[in-house]
Amino acid sequence: MTHPIPPGTRDVLPEEMRELRAIGGRMRQAFEEAGYGEVHTPALEYEEVLLRGDERAAGARYRSFDDQGAVLALRSDMTIPIARVVATRYTDAEPPLRFSYLAHAWRATDRGVGEPREFLQAGIELIGVPGAEGEAEVVALTIAALDAAGLRRHRVGVGDGALYRDLLTSFGVAEEAHLPLLEALSRRDLVGLEGQVAALGLEPEKRDLLVRLPQVRGGADVLGDTPGLEGLQTLNEQLEQRGVADRVIFDLGLVRELGYYTGSVFEVYDPAVGFTLGGGGRYDELIGRFGRDLPACGLALDVQRVHLAQAAEEALG
Amino acid sequence: MSGLTIAVPRGALFGGTLDLLDRLGIDTAEVRSNDRRLLFREAGIVTMRPSDVPTYVEHGSADIGITGKDVLLEQSERKVYELLDLGYGHCEMVVAAADHGDPIGDALRRLGRVRIATKYPRVAADHFAATGRQAEIVEVKGSVELAPLTGLVDGIVDLTATGKTLAENRLRAMETIAICTARLIANPVAHKLKAAEIDAIVEQVRG
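So the sequence lines, in the order shown, correspond to chains A and B.
Residue numbering for the first sequence follows the numbering used here, beginning at 47 and increasing consecutively.
Residue numbering for the second sequence follows the numbering used here, beginning at 66 and increasing consecutively.
Please note that a few of the clues may not be correct.
What the hints assert, rightly or not - Here are some, though not all, of the chain B residues that point toward chain A, as calculated from beta-carbon distances under 7 angstroms:
{"no.": "1", "residue": "VAL254"}
{"no.": "2", "residue": "ALA260"}
{"no.": "3", "residue": "GLU262"}
Hints listed in this document are in silico derivations from the structure and should not be mistaken for laboratory results.
Note that this is a predicted model, so its numbers are computed, not measured.
Ideal placement from N, C-alpha and C gives every residue a C-beta, glycine not left out.
So here's chain A without its partners, still in its complex pose (with noise of 0.2 angstroms):
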């Protein structure tokens, strides 16, 4: 007899339980011991509230009414309930604040078959500290935690989430032209983004460096010449400090979709599967909006893209 559960949730059986517990707990003891304390917050929230945060973070599907008719949504974060604690919770406190959780979030997705609708992430937040030096602090943990977690071959690609939109700012581009070149840069759909580019009629340098920009990527060297990288240049000489530049990839022309981050975005990859594993990046104005107006930059990881990662590597020995 079988008896269906919602598509894009499953059941976890002792086996996989036992490696994922080992997984995840190897994350929190490393995020423990660099002062990240854990916190749990509720799963279902209320929908107003996280949409304080972010209003296309917070379109989570899941909603429901409680007794008084007020919407409850579960959250598709950890980042939002995070900011929402700093703001009423820690209204005094000195930063820089830390935080880590392993808590699952659920996000329904179009694509309907296989794609997992509720995830266990991993991840932290970094409070008060702006800047190269936190998002610096976020990668090496992050790094660190993978470490703990038995991988031996992951990267973090870094980009700055603002760059190309200040660029097409820089050369006049009108603000509302830059919503569909963003959306084609954000796809790396590079084909449609050089005919948009094309149609812009600018100078050709200017033509050259919005076409070209997307598709720098490598160590610190492709930093070298483009105007408007001095925060990755910063970044990096922190991350040297730190012995981790080496695992950094820079990539020019990435972007997140989430509507939060302001500056620097992270992503995570491992050579051993063709997917992130997870991602981040600095959000200097979301806390604000829930009253404390606090920089901050964090990075969550998927907790089973961690797992089948580890498996890979494993796999190839």
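Following the hints, put chain B in place on chain A, whose structure we already have.
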């Protein structure tokens, strides 16, 4: 040898793709002489249906691949990077109907909706929705041209290179939805971790 695994589409884009790989210095003699084998490890080539190319590339089983823009439009949710328009395999995605009268217009005028057969249900549905017309999409697997001839539908959405097959079935293109050519796509992780190998190919193709 590029050090990459390349997904190569069999079918209409096969010849053009192998010619391209030859120009890149990848030995395709073995692939050309053997149309049953699917995996050519020494050349780093896997061959498959064009519509499977985004699947293998998204998963990372192939680092890069070549497929038609028609496939990418239909599978727009695939997480792959579209790197280059390769120029060959030029086709048009069109709305076509009987070459006499106006069956699509008639259906919309009298019934308020039109029936459309296609192998590209999402492209077709999006096109009619975007142009404010209600369309019932009928997905077929074989020759789409048959559907309007038998009265199953009022029109079709299909890919046409020369218009010859349409004409032979007394159909004509009424609207162009998109121009489709072969595209080079890449796995997002390989695009970062094998950047030098992928860039070498992109630069060679760009010439």
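Do the hints match the structure? See the list:
Among the interface hints, the one on B/VAL254 holds; its C-beta lies about 5 angstroms from the nearest C-beta in chain A, closer than the 7 angstroms criterion. For the restraint placing B/ALA260 at the interface with chain A, the shortest Cβ-Cβ distance is roughly 5 angstroms, inside the 7 angstroms limit, so the hint holds. Proximity of B/GLU262 to chain A is violated relative to the hint, the smallest CB-CB distance being about 12 angstroms (cut-off 7 angstroms).
The earlier numbered hint that this structure contradicts is number 3, and it is the only one.
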